[in-house]
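Build the full structure now, drawing on both the sequences and the hints.
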Amino acid sequence: MAEAPEFCSFLSDYGLVDGFVGVCKAVMLQFAPELGIIDVTHDVAPYDVRGGALALVRAVPYLPAGIVLAIVDPGVGTDRRAIVVEVENGYLIGPDNGLLAPAVAMMGGAKQVVALTNPDFQLAAVGPTFAGRDVMAPAAGHLADGVKIEELGEVVDPVTLTPGLIALPQIEVGGAMTAEVWWIDRFGNCQLNVDPVQLTAQGAELGGLIEVHLGGRTRTARWVSTYADAKPSELVVLVDSTGLISLAMDRTSTAETCGLHVGSGVTLLPPGTSVDGPGPA
Amino acid sequence: MAEAPEFCSFLSDYGLVDGFVGVCKAVMLQFAPELGIIDVTHDVAPYDVRGGALALVRAVPYLPAGIVLAIVDPGVGTDRRAIVVEVENGYLIGPDNGLLAPAVAMMGGAKQVVALTNPDFQLAAVGPTFAGRDVMAPAAGHLADGVKIEELGEVVDPVTLTPGLIALPQIEVGGAMTAEVWWIDRFGNCQLNVDPVQLTAQGAELGGLIEVHLGGRTRTARWVSTYADAKPSELVVLVDSTGLISLAMDRTSTAETCGLHVGSGVTLLPPGTSVDGPGPA
Amino acid sequence: MAEAPEFCSFLSDYGLVDGFVGVCKAVMLQFAPELGIIDVTHDVAPYDVRGGALALVRAVPYLPAGIVLAIVDPGVGTDRRAIVVEVENGYLIGPDNGLLAPAVAMMGGAKQVVALTNPDFQLAAVGPTFAGRDVMAPAAGHLADGVKIEELGEVVDPVTLTPGLIALPQIEVGGAMTAEVWWIDRFGNCQLNVDPVQLTAQGAELGGLIEVHLGGRTRTARWVSTYADAKPSELVVLVDSTGLISLAMDRTSTAETCGLHVGSGVTLLPPGTSVDGPGPA
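The listed protein sequences correspond, in order, to chains A, B and C.
First residue of the first sequence? That's 0 in numbering that gives the first Met the number 0, and the numbers climb one at a time after it.
First residue of the second sequence? That's 0 in numbering that gives the first Met the number 0, and the numbers climb one at a time after it.
First residue of the third sequence? That's 0 in numbering that gives the first Met the number 0, and the numbers climb one at a time after it.
Simulated from the structure, these hints should not be mistaken for lab results.
Hints should not be assumed to be uniformly reliable.
[To be verified] Sample of chain C residues with no beta-carbon within 12 Å of chain B, all distances over it, derived: (1) 2; (2) 20; (3) 169; (4) 187; (5) 230.
[Unchecked claim] Examples of chain A residues lying across from chain C (beta carbon under 8 Å, computed): (6) 13; (7) 22; (8) 24; (9) 25; (10) 26; (11) 28; (12) 29; (13) 44; (14) 46; (15) 127; (16) 145; (17) 146; (18) 147; (19) 163; (20) 164; (21) 173.
Beta carbons: idealized from backbone N, C-alpha and C, even for Gly.
Have a look at this one:
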């Protein structure tokens, strides 16, 4: 970016009960008082790097150009690097544990990566380093204040970054698609790691029926356009607002009704699919 | 309003765990980077239009002139209209399901209503429309950027809007007042749909006792001035900070102690009231 | 402060479900539209003055110069004073119940104290006073708008303020240290009211073992540098990111594993400590 960023979008697993988020914001504003900070979410499940990566990817197409600060790190206190990745429209700051990888890919890939190793742009820690407060928030604040990315530390080869771990659905012999629940939203809708193009390629179509194996049971789901198309207590499949396939019910939590959790396996059998002994015993 | 609004007050049932709120804010700021956004609350119970309408009405007298964006919509994905209502001090944006109606009335009534039908001021949806992100947040951003309300879509006759559904208490023969719990706050205080004027009209007075039927039991409550006037474990009635009658106890959750929920019926019998068989069996 | 404050850091026990926080922010912005507001946390446990005071003290070293608005008040509606305390770098506003005291001390002590008694700088309440909305938020807004502290009410002698109630650990005969859990964070780490200097003075050292009595059991904890030094299921002692001693486990909630709550007693026996019958029966 030619100019100093105006906005920082902030995602973490810090929660809102402790003051972690407030302190990180205060640190950013200390260096860049005019910075606008947008909370994406701070309720990523503790240590859930994959959940954080997915939440970030869902938001990225809508975030303003500028900085993304994303912190979910089970390895805090280890020698895990904190990095800043420059992309076409800005910078992503976070731990080098795969959290940023899908967002970086979606934003056109890394143009430059720097490890946040320059102590001149860090806070002195009173205890062990609280990387969000002492290293990453200061980096965001300094970038927004016009500091150049190269000043923040050592240049890193992008190929050495930890890759993201996001599974694709498995297409089995006969056409069954073994997918996974990626996200359960507040309303209980269950997003799968399935692109509608993949489902169409297996012979499914809007308005048609799809057999769904979940939690040891088989159910039939209709592929509809929108939540309101579902009849009372009917399970439906639809393209959700982020463009992926979700399982949904009308004003009912699908997750609760079907016993699904993030990470649950779900097998989709579009019409014409044959599998070995797919039905219930 | 003559000038573009500086502030947008935002209320929804989106919760803060998913990134819905952050994405809507990012969309508004994309069109109006200087806009100040005030979160009223995003923890309206999912789909609870009435609870959202009441939360909005409680906040409205304190919100700055400008935009109110309110989204609680069980009918998402149907042909429910999204609307913008111009009032004396600004604009309210939301679904046409009664959510905005009490706030519009409190703000002096609708001067003009427009349905958000102009695709030029909407985002292209990747899946089915996520109306908050794709239609309503862009409308807020464009209004704050100086776009005129008439540009956002078709003018709508205000009389065709869905009315708000807010019940008044019923005064029965003999003076008993059948009321309803409208709001339980974080501290367990239970606000009723009762104006102190109505209670006074039934013969109750500050310092006096009122019989209260709730959950199949009869209790006596003293009408006091403030929470701290309640003796330990005493049930009191008071005018709360929004000007309505609440049931309260000192540093104790009235809702938990009395088994009350939002929507619970509560009958108040001011002194001198007679009803058929009011007491416990 | 010579100039009007740019930022207000806001902490309360209001939660984010009701609109209390949003309304207080709207009131501040009504008087000072350019004010930047930083949420420290609003999830202090209801009425928990000590928890609020501790959360504030943890954040204070990182907050920008300006205003701190802190509201946790079991005595709301009593004749408890609302005060503003001027310190070197700004102002703290809150109830006079000890909530502000540790932060004021950490910020160098009170230079001047004023009780918020001037009705010209308060909102007219529709019911009993909601002190946050009607008295304290307006005071913050007016200070940020350039009003002088003396205009807000009567000058108060700082020695008449309610002191903070924060316990120091007790050193018993033989060197056992009876401490208390002050804070349990989102990750279940348990902060004690123990400064590492105190522990070192009792003969403990980094890398060494410390006997810990908690919940009727005795466990051995190793003093390590960082969370990641803990072996799976090992209990460790470390200096946390705010500079105090915490009990921790690697990616495991210590609070849950050891049955600790805020306020739980914990006895530390550094090596060489002797107590009467310290071990388990």
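Evaluation of the provided hints:
1. 2: holds, 21 Å
2. 20: violated, 8 Å
3. 169: Label holds. Min Cβ-Cβ 29 Å, cutoff 12 Å.
4. 187: holds, 19 Å
5. 230: holds, 32 Å
6. 13: This hint holds: residue 13 of chain A lies near chain C, its Cβ roughly 7 Å from the closest one there, short of 8 Å.
7. 22: OK, holds: residue 22 of chain A within 8 Å of chain C, min 5 Å.
8. 24: For residue 24 of chain A, the interface hint holds, since the closest Cβ of chain C sits about 5 Å away, which is under 8 Å.
9. 25: It holds, given that the least Cβ distance between residue 25 of chain A and chain C is near 5 Å, below 8 Å.
10. 26: holds, 6 Å
11. 28: Where the cut-off is 8 Å and the nearest Cβ of chain C is about 6 Å from residue 28 of chain A, the hint holds.
12. 29: holds, 6 Å
13. 44: Interface hint status for residue 44 of chain A: violated (10 Å vs cutoff 8 Å).
14. 46: At about 6 Å, which falls below the 8 Å cut-off, the nearest Cβ of chain C leaves the hint on residue 46 of chain A intact, so it holds.
15. 127: With Cβ-Cβ at 4 Å, under 8 Å, it holds.
16. 145: violated, 19 Å
17. 146: Status violated, d = 19 Å.
18. 147: Result: violated, 24 Å to nearest chain C Cβ.
19. 163: violated, 20 Å
20. 164: violated, 17 Å
21. 173: violated, 40 Å
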